[in-house]
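Student: Here are the chains, one letter per residue:
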Amino acid sequence: MTGMRDSAPESDPVLQNDVLRAIWTRRVVRDFTEQPVSDEQLRVVLESARWAPRAGNRRINRLLVIRDPDTIRRLRMVSPGILGRPLLLVVILTDLGVAEKEQVQVTKDVNLWIDVGTLAATMMLAAHALGLGTCPATSFSRTGVSTMLDLPARIVPQLILQLGNPARRRDIDVAQLPQRVLSEDFVFWEQVDTPTRSTE
Amino acid sequence: MQRKVQIEEADAYELLSYLVSSADTCTHEPHYYGTFRLLDAASRLIGSMLRDPQFVGDVWLAAFKLELDDNKLRMMTNRDRYLASIPQATHAVAEEVKRREADWSAQDHAERRGNGP
Chain A
5 MTGMRDSAPE SDPVLQNDVL RAIWTRRVVR DFTEQPVSDE QLRVVLESAR WAPRAGNRRI
65 NRLLVIRDPD TIRRLRMVSP GILGRPLLLV VILTDLGVAE KEQVQVTKDV NLWIDVGTLA
125 ATMMLAAHAL GLGTCPATSF SRTGVSTMLD LPARIVPQLI LQLGNPARRR DIDVAQLPQR
185 VLSEDFVFWE QVDTPTRSTE
Chain B
8 MQRKVQIEEA DAYELLSYLV SSADTCTHEP HYYGTFRLLD AASRLIGSML RDPQFVGDVW
68 LAAFKLELDD NKLRMMTNRD RYLASIPQAT HAVAEEVKRR EADWSAQDHA ERRGNGP
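Chain order of the listed sequences is A and B.
Start counting at 1 in the first sequence, then tack on 4, and there's your number in this note's numbering.
Start counting at 1 in the second sequence, then tack on 7, and there's your number in this note's numbering.
Next comes chain A alone, as it looks inside the complex (with noise of 0.2 Å):
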């Protein structure tokens, strides 16, 4: 998949490896075909997710798989951050009675957005591998998903991972694009404000 203004070109070793590539080439997908995602692919995915980093091993995040037409089309209104038409939502749910068990002081630990943001990232990087394409959206009404889904008090949603077959995408007009940014603009060595990377 030819990437946007950050994708390394094809001759590039790095794209040689599997997961790399996936991570290198993967690009949120907002369109989506008709064609549904397979019982094959979905259950590929959501194995996946068992995989994704989280804090002291605990499991306290849960996925709800929706697949109803009405359901998705319920959600959609309520979620401003759903700008596509996906067949098929996973929402990751926070289970706050099994964070108390755990005694996940749910106000302070930053972990639980952590497990949030690295169970999206696996499925993403998953559906991508498949040839799948995704969108997080967190611009939703947690009250309104929550009045749509007849979520349980201790259920909280968090994110809601849109898949499907990508659509074909327009020509992308890269003079409109910004600059490329590369991982200089970002990174710093050894002190913070340093972004020069000191000679070995």
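Because the hints were derived from the structure by calculation, they are not lab data.
A few of these clues could be false.
Derived, one-sided and incomplete: chain A residues facing chain B with beta-carbon distance under 8 Å [what the hints assert, rightly or not]:
| # | residue |
| --- | --- |
| 1 | M81 |
| 2 | V82 |
| 3 | S83 |
| 4 | P84 |
| 5 | S143 |
| 6 | F144 |
| 7 | S145 |
| 8 | T147 |
| 9 | G148 |
In silico negatives: residues of chain A with every beta carbon more than 10 Å from chain B [stated by the list, open to error]:
| # | residue |
| --- | --- |
| 10 | R62 |
| 11 | L68 |
| 12 | I70 |
| 13 | V108 |
| 14 | R158 |
| 15 | R172 |
| 16 | D197 |
| 17 | T198 |
What you are looking at is a predicted structure, and each value in this text was computed from that prediction instead of being measured.
Glycine included, C-beta positions come from ideal geometry on N, C-alpha and C.
Following the hints, put chain B in place on chain A, whose structure we already have.
Tutor: Relative to chain A, chain B alone:
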């Protein structure tokens, strides 16, 4: 002559829900996200109008929706250009409103003024 816009009840509730949910998300998201939600709502409203048989083939509405949809995603890739597109969109709507009002009959226009807010 003015047309009465008819949209499906489901479309109306979808837009209603979108707007209220956007108010919710705007309480904790970057301020400029609010502009995106409003433009997206405008695009959705146009989409509903275009499903009304009276408006199928409305060249301006279809073109403006396309422009809205193209520009709004620039919020994530080219924010300066995205922000610059907003007053341009406002200008375009204002010009179109003036043009349409000029097309409506004087009687419809005066009647609407009398019943207006």
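Student: Each hint needs a verdict: does it hold in this structure or not?
Tutor: Hint by hint, here is what the structure shows:
1. M81: Hint on A:M81: holds, closest Cβ of chain B at ~4 Å, below 8 Å.
2. V82: holds, 4 Å
3. S83: holds, 7 Å
4. P84: holds, 5 Å
5. S143: Cβ of A:S143 sits 5 Å from chain B, so the hint holds.
6. F144: Since chain B brings a Cβ to about 7 Å from A:F144, closer than 8 Å, the hint holds.
7. S145: Status holds, d = 4 Å.
8. T147: This interface hint holds because 7 Å falls under the 8 Å limit.
9. G148: Cβ of A:G148 sits 5 Å from chain B, so the hint holds.
10. R62: holds, 26 Å
11. L68: holds, 19 Å
12. I70: Since the minimum Cβ distance to chain B is about 17 Å, A:I70 lies beyond 10 Å and the statement holds.
13. V108: holds, 22 Å
14. R158: Correct as stated: the minimum Cβ-Cβ distance to chain B is 21 Å, above 10 Å.
15. R172: For A:R172, whose nearest Cβ neighbour in chain B is about 16 Å away, the distance exceeds 10 Å, so it holds.
16. D197: With a cut-off of 10 Å, A:D197 remains clear of chain B, as the shortest Cβ separation is near 25 Å.
17. T198: holds, 28 Å
Hint compliance for this structure: no hint is broken.
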